[in-house]
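Sequence order for the protein chains is A and B.
This note's numbering numbers the first residue of the first sequence as 1 and each following residue consecutively.
This note's numbering numbers the first residue of the second sequence as 1 and each following residue consecutively.
No lab work stands behind these hints, which were simulated from the structure alone.
Worth double-checking, as some hints may not be accurate.
Just so you have them, the derived chain A footprint on chain B, three or more residues with Cβ under 8 Å [as the list claims (entries may be wrong)]:
{"hint": "1", "region": "59–71"}
{"hint": "2", "region": "95–104"}
{"hint": "3", "region": "148–159"}
{"hint": "4", "region": "224–233"}
DSBU-like, lysine-lysine: derived pairs with alpha carbons at most 35 Å apart [said to hold, decoys possible]:
{"hint": "5", "chain 1": "B", "residue 1": "80", "chain 2": "A", "residue 2": "80"}
{"hint": "6", "chain 1": "A", "residue 1": "80", "chain 2": "B", "residue 2": "94"}
{"hint": "7", "chain 1": "B", "residue 1": "218", "chain 2": "A", "residue 2": "80"}
{"hint": "8", "chain 1": "B", "residue 1": "235", "chain 2": "B", "residue 2": "88"}
{"hint": "9", "chain 1": "A", "residue 1": "88", "chain 2": "A", "residue 2": "130"}
{"hint": "10", "chain 1": "A", "residue 1": "94", "chain 2": "B", "residue 2": "24"}
{"hint": "11", "chain 1": "A", "residue 1": "73", "chain 2": "B", "residue 2": "34"}
{"hint": "12", "chain 1": "B", "residue 1": "187", "chain 2": "B", "residue 2": "94"}
{"hint": "13", "chain 1": "B", "residue 1": "218", "chain 2": "A", "residue 2": "94"}
{"hint": "14", "chain 1": "A", "residue 1": "73", "chain 2": "A", "residue 2": "187"}
{"hint": "15", "chain 1": "B", "residue 1": "187", "chain 2": "B", "residue 2": "88"}
{"hint": "16", "chain 1": "B", "residue 1": "94", "chain 2": "A", "residue 2": "94"}
{"hint": "17", "chain 1": "A", "residue 1": "88", "chain 2": "A", "residue 2": "187"}
{"hint": "18", "chain 1": "B", "residue 1": "130", "chain 2": "A", "residue 2": "73"}
{"hint": "19", "chain 1": "A", "residue 1": "218", "chain 2": "B", "residue 2": "80"}
{"hint": "20", "chain 1": "B", "residue 1": "94", "chain 2": "B", "residue 2": "24"}
{"hint": "21", "chain 1": "A", "residue 1": "88", "chain 2": "B", "residue 2": "94"}
{"hint": "22", "chain 1": "B", "residue 1": "187", "chain 2": "B", "residue 2": "80"}
{"hint": "23", "chain 1": "A", "residue 1": "218", "chain 2": "B", "residue 2": "235"}
{"hint": "24", "chain 1": "A", "residue 1": "131", "chain 2": "B", "residue 2": "198"}
{"hint": "25", "chain 1": "A", "residue 1": "73", "chain 2": "B", "residue 2": "24"}
From a predicted model like this one, the values you see are computed outputs, not experimental measurements.
Where is the CB? At the ideal position from N, CA and C, for every residue including glycine.
There are 2 protein chains.
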Amino acid sequence: MLVGIGLMPHGNPVLEPPDDETRKLAEVLRDIGKAFASVDSYVLVSPHNVRMSDHLGVVMAENLISWLGFEGKELPGEWKTDRELAEKICRAEKDAGIPIVDLNFASRSGQYSRWPLSWGELIPLQFLEKKLLVLMTPSRGIDREPLVRSGEILGRVLEGSEKRVALVISADHGHAHDENGPYGYRKESEEYDRLIMKLINENRLEELPEIPEELVNKALVDSYWQMLMMLGAMKVGEFELRESAYACPTYFGMAGALWVRR
Amino acid sequence: MLVGIGLMPHGNPVLEPPDDETRKLAEVLRDIGKAFASVDSYVLVSPHNVRMSDHLGVVMAENLISWLGFEGKELPGEWKTDRELAEKICRAEKDAGIPIVDLNFASRSGQYSRWPLSWGELIPLQFLEKKLLVLMTPSRGIDREPLVRSGEILGRVLEGSEKRVALVISADHGHAHDENGPYGYRKESEEYDRLIMKLINENRLEELPEIPEELVNKALVDSYWQMLMMLGAMKVGEFELRESAYACPTYFGMAGALWVRR
């Protein structure tokens with residue numbers, strides 16, 4: 001059963017919040033961790049692991065190992081893959097014609113079956129109790145409709161599982177909030193982030209697919225494609241927003257949101 | 001232009017040869033390195049990097065970083081991807097309908113665009129001068145004909161490039177040569193390895209696709225699929241076997257062979 005969904009940022013500032021807004025965001029992230037403390041496994045969708053232009057990915061490697069921090073923030077740790085669930089998801093997506101690949105590394109099983117983690121996974125994982133993981137990757141080159149559909153198929157697999165599973169979407173939003181930041185200032189980053197928080201807080205996420213392509217592109221976001229997958233997964237049941245928060249302490253926008261089953 | 005092809009093993013024993021046969025094999029590997037000293041880039045096909053059940057892979061990540069040694073043999077180092085060539089190869093394979101994905105990690109470019117290397121790449125690379133690399137991965141779930149065809153398309157891209165490129169196939173052969181080894185003893189490992197060396201030395205590699213599936217499976221090999229790709233690449237010109245060697249100092253068979261353009 002899909003017991004809940006967490007939208008979680010992956011920016012270093014949530015680890016040591018520099019201001020009140022970010023502290024409030026970090027609190028939501030800790031609450032997500034508490035709400036998911038009783039699940040068996042997480043499905044974690046991250047935009048900073050493998051990036052394929054036109055395929056989703058499901059990691060089958062048995063051992064998931066910290067490899068790459070951002071700006072020197074190393075977060076060591078190892079997790080285990082829920083291989084059984086990963087295989088079910090991959091099979092269901094493939095059967096439905098979703099472009100997806102299973103990903104292993106070095107060996108097909110055992111100690112040499114390993115997969116590297118980056119800040120995109122490691123930062124959300126800091127707020128979550130250690131559980132089995134299924135790591136999935138979104139893709140920017142897949143159309144909106146199949147992305148939503150892939151999420152719906154994922155949701156159905158989780159719903160049909162005897163395990164209690166939480167879906168975690170790793171996402172940062174506009175990256176051009178600061179004229180001194182690496183991407184400068186663009187009004188579209190503000191506009192996109194405001195719209196996303198509106199859709200979350202007003203329970204209007206079904207409008208996600210209507211966001212203009214131009215806004216998504218100009219806002220330089222890291223969230224849109226995996227949020228479409230999230231939207232699809234939400235179709236399998238009734239979810240209630242328990243809390244949300246937004247902060248933008250540097251150049252990129254971060255959002256946290258927790259949905260639980262009604 | 002595709003100037004030469006090297007078949008190279010990835011077993012630790014070639015680094016510190018325990019016997020005369022393995023010493024002879026290591027000599028062939030050093031000769032491959034010398035023969036390719038003047039190339040611009042290598043295309044390296046490895047079975048111990050990403051493993052996808054039904055897609056080939058081309059790594060686009062800019063930085064290729066040592067990550068995983070076998071049995072504690074760590075071989076640190078970093079290489080750079082020949083991104084331009086990698087993109088050409090991926091485009092040509094996709095256009096021809098070959099199931100293939102482009103692989104990046106974390107970021108699309110820059111210092112955070114990184115990819116992990118295992119012993120499957122690191123051991124051949126010990127014998128090769130540092131050059132730009134295109135890292136490709138084979139797949140056991142793709143049929144023989146499209147594997148050969150993917151090699152032919154690869155060969156044509158290399159042939160059409162203004163760069164001098166060498167193709168390196170990382171491969172070990174039967175893994176059940178020793179009754180005390182991890183896979184025990186199977187006569188098929190001996191049979192497969194003998195056959196492969198015959199096909200290499202008698203210039204009969206075009207018979208590769210006829211090797212019975214059952215023999216490939218029972219011999220527990222790590223070489224067949226990428227050798228089919230090699231066979232395809234060989235179709236783009238005339239290649240002459242300059243030298244070859246075989247050794248089996250532990251439980252798996254290792255072969256080295258160097259082909260240069262006639």
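To see whether the hints hold, each was checked on the structure:
1. Counting residues of the region 59–71 of chain B whose C-beta sits closer than 8 Å to any C-beta of chain A gives 3, which meets the bar of three, so the coverage hint holds.
2. Remark: the region 95–104 of chain B is confirmed as covered by chain A, as 4 of its residues place a Cβ nearer than 8 Å to a Cβ of that chain, reaching the required three.
3. Check result for the region 148–159 of chain B against chain A: violated, 0 residues qualifying (beta carbon to beta carbon below 8 Å, three or more required).
4. Against chain A, the region 224–233 of chain B contributes 0 residues with a C-beta closer than 8 Å to a partner C-beta. That does not satisfy the three-residue criterion, and the hint is violated.
5. For the proposed pair residue 80(B) and residue 80(A), the alpha carbon gap of about 30 Å is at most 35 Å, so the pair holds.
6. The suggested pairing of residue 80(A) with residue 94(B) holds, with an alpha-carbon distance near 33 Å, which does not exceed 35 Å.
7. Note on residue 218(B) and residue 80(A): the hinted pairing holds, with a Cα-Cα distance of about 30 Å set against a maximum of 35 Å.
8. Distance hint between residue 235(B) and residue 88(B) is fulfilled; the C-alpha atoms sit about 19 Å from each other, no more than 35 Å.
9. In summary, the hint linking residue 88(A) to residue 130(A) is supported, as the alpha carbons are separated by about 21 Å, within the 35 Å threshold.
10. Proposed proximity of residue 94(A) and residue 24(B) is contradicted: the alpha carbons are some 47 Å apart, above 35 Å.
11. A distance of roughly 41 Å separates the Cα atoms of residue 73(A) and residue 34(B); the hinted pair therefore is violated under the 35 Å criterion.
12. Straight-line distance between C-alpha atoms of residue 187(B) and residue 94(B) comes to about 39 Å, which puts the hinted pair past the 35 Å bound.
13. Using a Cα cut-off of 35 Å, the hinted pair residue 218(B) and residue 94(A) holds, with the two alpha carbons roughly 28 Å apart.
14. The straight-line distance between the Cα atoms of residue 73(A) and residue 187(A) is roughly 29 Å, inside the 35 Å bound, and the hint therefore holds.
15. For the suggested pair residue 187(B) and residue 88(B), the alpha carbons sit about 42 Å apart, so the restraint of at most 35 Å is broken.
16. Pair hint residue 94(B) plus residue 94(A) holds up; C-alpha atoms about 19 Å apart against a cutoff of 35 Å.
17. As the CA atoms of residue 88(A) and residue 187(A) are separated by approximately 42 Å, the hinted pair breaks the 35 Å bound.
18. Distance hint between residue 130(B) and residue 73(A) is fulfilled; the C-alpha atoms sit about 30 Å from each other, no more than 35 Å.
19. A distance of roughly 30 Å separates the Cα atoms of residue 218(A) and residue 80(B); the hinted pair therefore holds under the 35 Å criterion.
20. Distance hint between residue 94(B) and residue 24(B) is unfulfilled; the C-alpha atoms sit about 40 Å from each other, more than 35 Å.
21. A hinted pair counts as satisfied when its Cα atoms are at most 35 Å apart, and residue 88(A) with residue 94(B) qualifies at roughly 27 Å.
22. A hinted pair counts as satisfied when its Cα atoms are at most 35 Å apart, and residue 187(B) with residue 80(B) does not qualify at roughly 41 Å.
23. Pair hint residue 218(A) plus residue 235(B) does not hold up; C-alpha atoms about 46 Å apart against a cutoff of 35 Å.
24. A hinted pair counts as satisfied when its Cα atoms are at most 35 Å apart, and residue 131(A) with residue 198(B) does not qualify at roughly 51 Å.
25. Note on residue 73(A) and residue 24(B): the hinted pairing is violated, with a Cα-Cα distance of about 46 Å set against a maximum of 35 Å.
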